[in-house]
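Following the hints, put chain B in place on chain A, whose structure we already have.
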Amino acid sequence: MAKVELRGFGWRHAGRRRPAVSGVDLRIDSGERVLLLGASGSGKSTLLTAMAGLLPDDSGEQTGHVTVDGRAARDARDRIGVVFQDPQTQLVMARAGDDVAFGLENRGADPAGIPAAVRRALDTVGFPYPADRATHALSGGEQQRLVLAGAIATGPRLLLLDEPTANLDPAGAALVREAISGVLTENPDTTMVLVEHRVAEALPLVDRVVVLGADGGVLADGPAAEVLHRHGERLAAQGVWVPGTPVDRPRRSPGTGPALVTAQRVGLRHPDADRAALAPTDLRIHAAELVAVTGANGSGKSTLARLVGGLSTPGTGAVYSTGDRRPLHRWRAAPLAARIGSVFQNPEHQFVTSRVRDELNLRPRRHADPPARIAARTTELLERLRLEHLAEANPFSLSGGEARRLSVATALATAPAVLVFDEPTFGQDRRTWRELTDLIAGLRDSGTGILVVSHDTDFVTAVADRRLSMVEGELCSA
Amino acid sequence: MLGLTPVADPGAFIARRNPVVKLAVATLLSLTVLSSLDPLTPALVLLPVLALLPLTGVRVGRFAHRLRFLVPAAAAVVVMSAVFAADKTGRTLVEFGPVLVTASSLETGAALGLRVAAVAVPGVLIMATTDPTELADSLVRQLRVSDRFAIGALAALRLMPLLAEEWHMIRMARRARGMDSGGNPVTGARLFASTTFGLLVAAIRKGTRLATAMDARGFDSGVPRTGVRRVRVDAADRWMLAGVAAGCAVVLWTSIGLGVYRPLW
Numbered sequence: 001m002a003k004v005e006l007r008g009f010g011w012r013h014a015g016r017r018r019p020a021v022s023g024v025d026l027r028i029d030s031g032e033r034v035l036l037l038g039a040s041g042s043g044k045s046t047l048l049t050a051m052a053g054l055l056p057d058d059s060g061e062q063t064g065h066v067t068v069d070g071r072a073a074r075d076a077r078d079r080i081g082v083v084f085q086d087p088q089t090q091l092v093m094a095r096a097g098d099d100v101a102f103g104l105e106n107r108g109a110d111p112a113g114i115p116a117a118v119r120r121a122l123d124t125v126g127f128p129y130p131a132d133r134a135t136h137a138l139s140g141g142e143q144q145r146l147v148l149a150g151a152i153a154t155g156p157r158l159l160l161l162d163e164p165t166a167n168l169d170p171a172g173a174a175l176v177r178e179a180i181s182g183v184l185t186e187n188p189d190t191t192m193v194l195v196e197h198r199v200a201e202a203l204p205l206v207d208r209v210v211v212l213g214a215d216g217g218v219l220a221d222g223p224a225a226e227v228l229h230r231h232g233e234r235l236a237a238q239g240v241w242v243p244g245t246p247v248d249r250p251r252r253s254p255g256t257g258p259a260l261v262t263a264q265r266v267g268l269r270h271p272d273a274d275r276a277a278l279a280p281t282d283l284r285i286h287a288a289e290l291v292a293v294t295g296a297n298g299s300g301k302s303t304l305a306r307l308v309g310g311l312s313t314p315g316t317g318a319v320y321s322t323g324d325r326r327p328l329h330r331w332r333a334a335p336l337a338a339r340i341g342s343v344f345q346n347p348e349h350q351f352v353t354s355r356v357r358d359e360l361n362l363r364p365r366r367h368a369d370p371p372a373r374i375a376a377r378t379t380e381l382l383e384r385l386r387l388e389h390l391a392e393a394n395p396f397s398l399s400g401g402e403a404r405r406l407s408v409a410t411a412l413a414t415a416p417a418v419l420v421f422d423e424p425t426f427g428q429d430r431r432t433w434r435e436l437t438d439l440i441a442g443l444r445d446s447g448t449g450i451l452v453v454s455h456d457t458d459f460v461t462a463v464a465d466r467r468l469s470m471v472e473g474e475l476c477s478a
Numbered sequence: 001m002l003g004l005t006p007v008a009d010p011g012a013f014i015a016r017r018n019p020v021v022k023l024a025v026a027t028l029l030s031l032t033v034l035s036s037l038d039p040l041t042p043a044l045v046l047l048p049v050l051a052l053l054p055l056t057g058v059r060v061g062r063f064a065h066r067l068r069f070l071v072p073a074a075a076a077v078v079v080m081s082a083v084f085a086a087d088k089t090g091r092t093l094v095e096f097g098p099v100l101v102t103a104s105s106l107e108t109g110a111a112l113g114l115r116v117a118a119v120a121v122p123g124v125l126i127m128a129t130t131d132p133t134e135l136a137d138s139l140v141r142q143l144r145v146s147d148r149f150a151i152g153a154l155a156a157l158r159l160m161p162l163l164a165e166e167w168h169m170i171r172m173a174r175r176a177r178g179m180d181s182g183g184n185p186v187t188g189a190r191l192f193a194s195t196t197f198g199l200l201v202a203a204i205r206k207g208t209r210l211a212t213a214m215d216a217r218g219f220d221s222g223v224p225r226t227g228v229r230r231v232r233v234d235a236a237d238r239w240m241l242a243g244v245a246a247g248c249a250v251v252l253w254t255s256i257g258l259g260v261y262r263p264l265w
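Protein sequence lines, in the order shown, are assigned to chains A and B.
Letter by letter, the first sequence follows residues 1 to 478 of UniProt numbering.
Letter by letter, the second sequence follows residues 1 to 265 of UniProt numbering.
Take every hint as true, because none was put in to throw you off.
For the chain B half of the interface with chain A, some residues (derived, Cβ under 8 Å), not all of them:
#: 1; residue: P132
#: 2; residue: R158
#: 3; residue: I170
#: 4; residue: R177
#: 5; residue: G178
#: 6; residue: D180
#: 7; residue: D215
#: 8; residue: F219
#: 9; residue: R225
#: 10; residue: T226
Covered stretches of chain B, going by a simulated chain A footprint (3 or more residues, C-beta under 8 Å):
#: 11; stretch: 191-201
#: 12; stretch: 205-211
Treat the hints as calculated values from the structure; they're not laboratory data.
Everything numeric in this text was worked out from a predicted model, so none of it was measured.
Glycine included, each C-beta is placed from N, C-alpha and C at the ideal position.
Bound-form chain A, shown alone:
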């Protein structure tokens, strides 16, 4: 039972000109379950953090009020439970039970009652292991279930969930949604606010949808079905994954060419591991072919991507580029980047300069073209990936979608014949998703050989020419 009220609420992060959120008036009653939607950059997460009372005073400038049960959110934190995206930066303790107890201990709960409360919370979220289970040995979905258990252990009356499934593979995400549903059924009075841009999956958990406007304020508010019916098209245009939006016709290669990269019995086993990260694998990527590898987190997809990209040293076998007898992992970095481009799951790993333009101008020294040609290529890439207006910005200040586009552009800058993508569409809104899908399909059509590892089945269905799946380090045809 908690009532949330926002009156004329706004927040501007220190050092930013534009407010992240502005002019929000909203009233959420006890026991309501609200889905908070909005285009990327509309300030959903900021708003949720404000309701959680977790925006530090010195980190920005607030207008208006946000209260929980009549108290400033900051002073009502003992009745609020929060779950964020990344389980790894939310788990505090090494053992599951200790982690659930963490919040209870912080609030000075009587130690005699803590073990029972911990067990209850673990049961509610369906945690399948004993309480002394090591947290690092859990899968992402199990970890996030545990985070949820920690959040509900203190009996919060307001539950705030900030994209709790965004970092998980589909199986893990389903586990977490099931756990959330269990929590809500068991605590009918608990108020919940959920931020999630995969609307179809979130709808069974909510009864009200609130849409934030891109330029501040609340764009739409009401029963879920009604809001989606009336504003569905506009939301879809803004990048929200509205259910029922028509899917594009799948695109296939116009005709594949010769093999560009060949993996021969390539495999890897980490010392002390129970099984190989990747069992010896054969794989060929042809010109104008898009090979997609799907599989759960930890199945060895990323290991394969890094080996095919020539970035890590295999334990067995090797990967060769057609026409060269040296295995890729022995190549110098400069010729490698000119032959095979790799795009990492986290775009920020790839940024090495402090300006978007410099990022694209960067060329390995020995492979440098004349400056005029480099500049022309940079301009072309900026236009193609809608980054012109950001040419002078710092790469680390970009939004998720912008950073993803830039990381793709950096790989294209050296015009490689082969591209390897690790989860390119991961966590993207619908608009960026479509741009990326079009771009990657277009590269394939113009002759680039492409390997994509992804658990985004929509993406794979839309563009893959050949589908493979990875199960516990073994590659099989899907």
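Same frame as chain A, but now just chain B:
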């Protein structure tokens, strides 16, 4: 926790001892060893410690693996000290150009090498058989360390493997961008600096996120924290501490009695 295989089962004698008592034991042993410059005192400490290892439940093979860097390190100390010792009296053992090793300089070297080993073995043993969570709890309860400090440090420790992974990713991403050192030390240093900066950015980000998540669960509430895990000092802990103290006294008494004890001061 850091992905290391434990060197003792959780139920073994050594693993069940109170962490702060174990720290006290290691301190006693180290002080005994460091108090004298002779080779006998560290040997008298090291030998019983090694002999008692299997009785405490330590898996000797794994522990030896953990200590694999100690042998070359101690050997290097012996050689360097024997060659460069100021006191070159006694019988000449090796003379080769400017290199001169005598009986007394070899003794100095051996004493230093033994000291290194006698301090390192109990120290590594204690870190390798102590659960970090229990250490934090024990520091709070037995030594009255601030609980929010101890738990905060523990949470930071949990981030270490994540950062190790991050470092690896950033290095691979640099290679994908066409950047490597190619054996050139200047380029290598520049690449190292840029990778380090990337890691720093990631560390601050992850640290901030973890801190926010901890505060969301009341870590900054200011309410006195309770502790669900009880860490006690039991009879076995007291006996172990008393036994080690007595052992150290016997070692000192022996080396003083034999006239080899050379106090540090």
